[in-house]
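Let the sequences and hints guide you as you build the complete structure.
Protein chains in written order, with our numbering: chain H, 1 to 114; chain S, 1 to 111.
Among the clues, some could well be false.
Residues from chain S shown here face chain H by an in silico Cβ test under 8 Å; the list is partial [to be verified]:
1) Phe-60
2) Tyr-70
3) Lys-98
4) Gly-104
Examples of chain H residues lying across from chain S (beta carbon under 10 Å, computed) [to be verified]:
5) His-29
6) Tyr-35
7) Gln-37
8) Gln-41
9) Gln-44
10) Ser-94
11) Gln-103
12) Arg-110
Sample of chain H residues with no beta-carbon within 12 Å of chain S, all distances over it, derived [as the list claims (entries may be wrong)]:
13) Gln-6
14) Gln-17
15) Gln-18
16) Thr-31
17) Phe-45
18) Ser-65
19) Pro-70
20) Ser-73
Rather than coming from a laboratory, the hints here were simulated on the basis of the structure.
Quick reminder that beta carbons are idealized off the backbone N, C-alpha and C, glycines included.
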Amino acid sequence: ETGVTQSPTHLIKTRGQQVTLRCSSQSGHNTVSWYQQALGQGPQFIFQYYREEENGRGNFPPRFSGLQFPNYSSELNVNALELDDSALYLCASSLTKSGTLTQYFGPGTRLLVL
Amino acid sequence: GQSLEQPSEVTAVEGAIVQINCTYQTSGFYGLSWYQQHDGGAPTFLSYNALDGLEETGRFSSFLSRSDSYGYLLLQELQMKDSASYFCAVREGDSSYKLIFGSGTRLLVRP
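Here it is in structure tokens:
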């Protein structure tokens, strides 16, 4: 059984640029949630994808967008990067959309915006 | 809205027992989860309580009291590797599967 994987592990961008982060869900999981975690804080929910459709969104602006593919892998896109977007971005997969209380996280992508 | 409160930091000695508390406010309740996160790592699912009582998984146990909107994580026979941040989390509400995390409790285990 393959766990949740994310790429890249680290990324450095400058203000105004765009970034795409990728996530492969755990085998058999059809739901992916994305989180932003600032240093010393708990993860903040960005959005969730279930069977290729967005299924809930947190308090993040529209420049944060995502996709889920037929194999349930997912992408997080952030446009017009700001300094405050520097954070650890985590994706988590769960067996179903209602299973978020027992989800499994990937190792994260650490994004630094200069 | 939903909110969770947990202590910011707890220190304990190797071999001891430590309890990390979490109180929550939610519009609906679907369970309380606990996650462990080592510095630089990803959160790891530890435990989940949907009903009142104690759930035991090895050295870790989690307790829930829905009437008190309260839960705790109990770590026994502490080891140095247990030094990490611990987060409690609840689901947002009826029509949402959004997970709300507490701000985390940093556990430092001393020799």
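Right, here's what the structure says about each hint:
1. Checking S/Phe-60 against chain H by beta carbon gives a least distance of about 15 Å; that is not within 8 Å, so the hint is violated.
2. With a least beta-carbon distance of about 17 Å to chain H, the hint placing S/Tyr-70 at the interface is violated under the 8 Å criterion.
3. Interface restraint check: S/Lys-98 against chain H, minimum CB-CB distance 5 Å, threshold 8 Å, status holds.
4. Hint status for S/Gly-104: holds, given a least beta-carbon distance of 5 Å to chain H, under 8 Å.
5. Restraint check, H/His-29 versus chain S: the minimum CB separation of about 13 Å is more than 10 Å; hint violated.
6. Because the closest C-beta pair between H/Tyr-35 and chain S is about 8 Å apart, less than 10 Å, the hint holds.
7. Interface restraint check: H/Gln-37 against chain S, minimum CB-CB distance 8 Å, threshold 10 Å, status holds.
8. Because the closest C-beta pair between H/Gln-41 and chain S is about 6 Å apart, less than 10 Å, the hint holds.
9. Using the Cβ-Cβ criterion of 10 Å, the hint placing H/Gln-44 at the interface with chain S is satisfied: the shortest such distance is roughly 8 Å.
10. At about 8 Å, the closest approach between the beta carbon of H/Ser-94 and any beta carbon in chain S falls short of 10 Å, and the interface hint on this residue holds.
11. Of the supplied interface hints, the one on H/Gln-103 holds, with its beta-carbon coming within about 7 Å of a beta-carbon of chain S, less than 10 Å.
12. The beta carbon of H/Arg-110 is positioned within 10 Å of a beta carbon in chain S (closest approach about 9 Å), and the interface hint is therefore held.
13. Non-interface call for H/Gln-6 relative to chain S: violated, since the shortest CB-CB distance, roughly 9 Å, does not exceed 12 Å.
14. At the 12 Å boundary, the C-beta of H/Gln-17 stays outside the reach of chain S, the nearest C-beta of that chain being 24 Å off.
15. Residue placement check: H/Gln-18 keeps its beta carbon more than 12 Å from all beta carbons of chain S (closest about 24 Å).
16. Consistency note on H/Thr-31: stated as away from chain S, yet its beta-carbon is not over 12 Å from all of that chain's, at 8 Å minimum.
17. Under the 12 Å C-beta cut-off, the non-interface status given to H/Phe-45 relative to chain S is violated; the minimum distance is some 5 Å.
18. The Cβ of H/Ser-65 lies farther than 12 Å from every Cβ of chain S, with a closest approach of about 17 Å, so its non-interface assignment holds.
19. Its beta-carbon lying about 21 Å from the closest one in chain S, H/Pro-70 satisfies the requirement of being farther than 12 Å from that chain.
20. Look at H/Ser-73: its CB is around 17 Å from the nearest CB on chain S, clear of 12 Å, so calling it non-interface holds up.
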